[in-house]
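Participant: Since the structure of chain G is provided, determine the placement of chain E on it from the hints.
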Amino acid sequence: MGLTGLEIFKLTPRTNCKECGFPTCMAFSMKVASGAVEIEKCPYISDEAKEKLSDATAPPMKTFVIGKGEAERKIGGETVLYRHEKTLVNKPVVAIGFDDTMDDAVVDGKIANIKKVDYERIGEQMNAEAVLVKCVENKEAFLALIDKLSPLNKVVLIQTKDADIAKEALEKVKDTNPVLLGANKDNIDGFVELAKAYKIALGLEADTLENLYDLVQVAEKAGHKELILNTTGKNAGEAFESTVEVRRAAITGGDRTFGYPSIVMVNEIAGGDAYMETALASAFVLRYGSIIVLSDLEYSKALPLFGLRQNIYTDPQKPMRVEPKVYNFGSPKEDSPVLLTVDFALTYFVVSGEIDRSKAPAYLLIPDAGGYSVLTSWAAGKLGGSVIRNAVKESGLEEKLTKKRLVLPGKVAVLKGDVEEELPGWEIIVGPDEAMQIPKFLKELA
Amino acid sequence: MGYKKTSKKYNGTIKKVSLGTGDKAFEVGGRNAMPFYKFDGDIGEKPKVGIEIMDEAPATWSQAFAELYKEAGDDTAAWAKLVEEKYAPDFICLRFEGADPNGKNKSTDECVEIAKKVAEAITVPLVVAGSKNDEKDAELFQKVSEGLEGKNILLLSAKEENYKTVGAAGALAYNQKVGAESSVDINLAKQLNILMGQLGVKKESTIMDVGCAAAGYGYEYVSSTMDRILLASLGQNDETLQMPIITPVAFDVWAVKEAVASEEDEPTWGDVTERGIHMEVSTATACLVSGSDMVIVRHPKSLETVKNFINALA
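If you're matching them up, the sequences are chains G and E in order.
In terms of our numbering, the first sequence has 256 at position 255, counting the first letter as 1, and numbering is strictly consecutive.
In terms of our numbering, the second sequence has 303 at position 299, counting the first letter as 1, and numbering is strictly consecutive.
No lab work stands behind these hints: they were computed from the structure.
Don't take each hint at face value.
The calculated PhoX-like cross-link candidates involving lysine-lysine, where the alpha carbons are at most 25 angstroms apart (straight line), are [unchecked claim]:
{"no.": "1", "chain 1": "E", "residue 1": "K194", "chain 2": "G", "residue 2": "K235"}
{"no.": "2", "chain 1": "E", "residue 1": "K50", "chain 2": "G", "residue 2": "K235"}
{"no.": "3", "chain 1": "E", "residue 1": "K136", "chain 2": "G", "residue 2": "K360"}
{"no.": "4", "chain 1": "G", "residue 1": "K63", "chain 2": "E", "residue 2": "K194"}
{"no.": "5", "chain 1": "G", "residue 1": "K441", "chain 2": "G", "residue 2": "K334"}
{"no.": "6", "chain 1": "E", "residue 1": "K12", "chain 2": "G", "residue 2": "K87"}
{"no.": "7", "chain 1": "G", "residue 1": "K186", "chain 2": "E", "residue 2": "K9"}
{"no.": "8", "chain 1": "E", "residue 1": "K9", "chain 2": "G", "residue 2": "K63"}
{"no.": "9", "chain 1": "G", "residue 1": "K117", "chain 2": "E", "residue 2": "K261"}
{"no.": "10", "chain 1": "E", "residue 1": "K261", "chain 2": "G", "residue 2": "K441"}
{"no.": "11", "chain 1": "E", "residue 1": "K261", "chain 2": "G", "residue 2": "K334"}
{"no.": "12", "chain 1": "E", "residue 1": "K8", "chain 2": "G", "residue 2": "K222"}
{"no.": "13", "chain 1": "E", "residue 1": "K12", "chain 2": "G", "residue 2": "K63"}
{"no.": "14", "chain 1": "E", "residue 1": "K108", "chain 2": "G", "residue 2": "K444"}
{"no.": "15", "chain 1": "E", "residue 1": "K42", "chain 2": "G", "residue 2": "K235"}
{"no.": "16", "chain 1": "G", "residue 1": "K412", "chain 2": "E", "residue 2": "K136"}
{"no.": "17", "chain 1": "G", "residue 1": "K326", "chain 2": "G", "residue 2": "K417"}
{"no.": "18", "chain 1": "E", "residue 1": "K13", "chain 2": "G", "residue 2": "K87"}
{"no.": "19", "chain 1": "E", "residue 1": "K163", "chain 2": "G", "residue 2": "K412"}
{"no.": "20", "chain 1": "E", "residue 1": "K261", "chain 2": "G", "residue 2": "K360"}
{"no.": "21", "chain 1": "E", "residue 1": "K108", "chain 2": "G", "residue 2": "K441"}
{"no.": "22", "chain 1": "E", "residue 1": "K108", "chain 2": "G", "residue 2": "K319"}
{"no.": "23", "chain 1": "E", "residue 1": "K261", "chain 2": "G", "residue 2": "K444"}
{"no.": "24", "chain 1": "E", "residue 1": "K194", "chain 2": "G", "residue 2": "K87"}
{"no.": "25", "chain 1": "G", "residue 1": "K360", "chain 2": "E", "residue 2": "K12"}
{"no.": "26", "chain 1": "E", "residue 1": "K261", "chain 2": "G", "residue 2": "K326"}
{"no.": "27", "chain 1": "G", "residue 1": "K92", "chain 2": "E", "residue 2": "K261"}
{"no.": "28", "chain 1": "G", "residue 1": "K235", "chain 2": "E", "residue 2": "K163"}
{"no.": "29", "chain 1": "G", "residue 1": "K116", "chain 2": "E", "residue 2": "K261"}
{"no.": "30", "chain 1": "G", "residue 1": "K222", "chain 2": "E", "residue 2": "K9"}
{"no.": "31", "chain 1": "E", "residue 1": "K136", "chain 2": "G", "residue 2": "K444"}
{"no.": "32", "chain 1": "G", "residue 1": "K441", "chain 2": "E", "residue 2": "K136"}
{"no.": "33", "chain 1": "G", "residue 1": "K226", "chain 2": "E", "residue 2": "K108"}
{"no.": "34", "chain 1": "G", "residue 1": "K235", "chain 2": "E", "residue 2": "K12"}
{"no.": "35", "chain 1": "E", "residue 1": "K8", "chain 2": "G", "residue 2": "K226"}
Partial selection, computed: residues in chain E whose CB lies under 8 angstroms from chain G [unchecked claim]:
{"no.": "36", "residue": "Y91"}
{"no.": "37", "residue": "Y223"}
{"no.": "38", "residue": "G274"}
From a predicted model like this one, the values you see are computed outputs, not experimental measurements.
Glycine included, every Cβ here is placed at the ideal spot set by N, Cα and C.
One chain only, chain G, in its complex shape:
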């Protein structure tokens, strides 16, 4: 994939002019190879060499944008197969599938659910990002369906096998940067023309991976390079195999022909079973679906799926953090205890889960502790007497409370003296070492 320093060296003038800031062309080339310097730093590099290099250093998988405005989403662009190697970058887009055979009640129900399932989780808004509208048999109903879904302001994925119908549909949503799905070996020419004319991404489908591969080449040859590969196949097993193989061909095989995002119609292979949809969608969050199509979205399905997706697409070198503030549990009153923990998301989840479980009213105060666990943030000097004092002062709890009790995590019991000095008038209590002991602790405290 990427060129080696030696290969780049051959593209330079090899004059050691030093104008790039490096002592030799070789030293410069090594830096370019590692991605630390742009090739443009060399004033004498030829255009031809630049092009060769940009081709060679382009990511193995295309990145492009679908949707527009608030609905805009980036897909593709992954460079690794496993998240411990390097952060996965573009979260799979969740789409809800519609087609012209669905009666109004079904359609309205799904629309209501799309509107309803919209919530924030650790700083990220969670909702379905796209709708897929498939033309099965009735063009008029299909077009009417698109009109009905447009106000949702989601990325619109149009699916049909007929270029004329596709054109009419695209006309309706052409300003929203929609996606056209359904190109196959029979309609490819007309579909590529449409996708080029509307400057939109085109979804390809074929009965085998070999045929899909050939189809990509046809589309590329016709001049279109914003492609989405339908890896669904006939059943869950085929979908899993194809989705993995396409991703792997691009990333470890360096084969740019399959260097495109995928779409998996989980709604079609789950056999109408909502639990199975959750199962398969979870699998494709981990194994390489770029767009995952579901039949419907209820909270029961969304909560685990969006949570899983948020987890997998975090930076492995940077832990997830929650917002430092006061969190309320079970309508706390002016004499409820204030528990303290850190802003590391995992710690927050475990602690808040246990407070929930205890059903005791309480405040949970979270200072800015650098996003580390309790012991790490203490060791790193991010959680100490003054940090805790500031958090308490800024929280406004002092004015609200008649009984000022602050519970420290047991693991930083050593801070008790410090905090007592910093917060006169507060009773500082050392809490349990482990979160699972919180319910018992709170019961005894009350």
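Facilitator: The following block gives chain E in isolation, referenced to the frame of chain G:
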């Protein structure tokens, strides 16, 4: 140019471990490919799914479960039998919630009696999980191993704090299988496996429990830990990591807000049991794709779905 498959071959193979006796006994492990990558190589034995039952229903037990198992009453053995007959899990996990010294603090003898009755009531393999109190569990596992000698059960689990007792009693003295529990870190998993090996516990007697978290609750650590363990054991032929993995999904899932918050507290979220099932299904299937050879769930609907999922992909 036509498409050429990029199949990936590995040098290492996960050891097989057998559990149970008789017709319903099974083996897990045996893969030399990533989970469900049957297009690459041998994915070994199909992953197995078990249901969790407890010596007594916990205080946080939801109405939905009470309803499901009401005909079993307070009899753990009847509960186990009902689960086996009605839902056909691959195995049953009996967890000793009541052994917790901070809870009911049941005596180990009492627990052994329950374990014996449960083992007699069922034909599928038995997994026994403790109270999460390391000292108590060491004692409990020792006595349960002795009491159920010949049943080829899995003890869940030996940890760094108590592996000597659990490993020696379980695997060496009474020939049971031992779970090696570490908390979501490849190095900790490896270290414990090495320690167990030095104690004399064979790989064929060990199943790893490398930790779990519910979807959304730091699951990325679980996924990356398992990815790295598999890539090391298969790709680098690291023999200290070539054991199958068991993941007690139910232990984590049914404690998170999504699965326990009442409909009054979260009116928009809908039915609490539904939420729990989806959470369990999502976490369990994610674990299977990441590398678990056995998962433990609590709800029969989760069991059914996860089995269907395995059959669809394996």
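Participant: So, for every hint listed, does it hold in this structure?
Facilitator: Hint check results:
1. K194(E) to K235(G): Distance ~40 angstroms between K194(E) and K235(G) Cα, so the pair is violated.
2. K50(E) to K235(G): 22 angstroms, holds
3. K136(E) to K360(G): Holds - the C-alpha atoms of K360(G) and K136(E) are around 22 angstroms apart, at most 25 angstroms.
4. K63(G) to K194(E): Distance of about 38 angstroms is beyond 25 angstroms: violated.
5. K441(G) to K334(G): 20 angstroms, holds
6. K12(E) to K87(G): 20 angstroms, holds
7. K186(G) to K9(E): At roughly 21 angstroms apart (the allowed maximum being 25 angstroms), K9(E) and K186(G) satisfy the hint.
8. K9(E) to K63(G): Given pair K9(E), K63(G) holds - Cα atoms ~20 angstroms apart, limit 25 angstroms.
9. K117(G) to K261(E): Judged against 25 angstroms, a Cα distance of about 19 angstroms means the pair holds.
10. K261(E) to K441(G): Roughly 18 angstroms between the alpha carbons, so the hint for K261(E) and K441(G) holds.
11. K261(E) to K334(G): Holds, at roughly 22 angstroms.
12. K8(E) to K222(G): 19 angstroms, holds
13. K12(E) to K63(G): Given that 25 angstroms is the threshold and the Cα spacing comes to 23 angstroms, the pair holds.
14. K108(E) to K444(G): 16 angstroms, holds
15. K42(E) to K235(G): Measuring from Cα to Cα gives roughly 17 angstroms; hence the hint holds.
16. K412(G) to K136(E): Given pair K412(G), K136(E) holds - Cα atoms ~19 angstroms apart, limit 25 angstroms.
17. K326(G) to K417(G): 21 angstroms, holds
18. K13(E) to K87(G): The hint holds at about 23 angstroms.
19. K163(E) to K412(G): 21 angstroms, holds
20. K261(E) to K360(G): 12 angstroms, holds
21. K108(E) to K441(G): 13 angstroms, holds
22. K108(E) to K319(G): 41 angstroms, violated
23. K261(E) to K444(G): 19 angstroms, holds
24. K194(E) to K87(G): 23 angstroms, holds
25. K360(G) to K12(E): 51 angstroms, violated
26. K261(E) to K326(G): 19 angstroms, holds
27. K92(G) to K261(E): Status holds; Cα separation ~24 angstroms.
28. K235(G) to K163(E): With Cα atoms ~44 angstroms apart, K235(G) and K163(E) exceed 25 angstroms; violated.
29. K116(G) to K261(E): It holds: about 22 angstroms lies between the C-alpha atoms, which stays within 25 angstroms.
30. K222(G) to K9(E): Answer holds: K222(G) to K9(E) is near 22 angstroms, not above 25 angstroms.
31. K136(E) to K444(G): Status holds; Cα separation ~21 angstroms.
32. K441(G) to K136(E): With Cα atoms ~15 angstroms apart, K441(G) and K136(E) stay inside 25 angstroms; holds.
33. K226(G) to K108(E): 65 angstroms, violated
34. K235(G) to K12(E): This hinted pair holds, its Cα atoms lying about 24 angstroms apart.
35. K8(E) to K226(G): 21 angstroms, holds
36. Y91: 14 angstroms, violated
37. Y223: Holds, about 4 angstroms.
38. G274: 5 angstroms, holds
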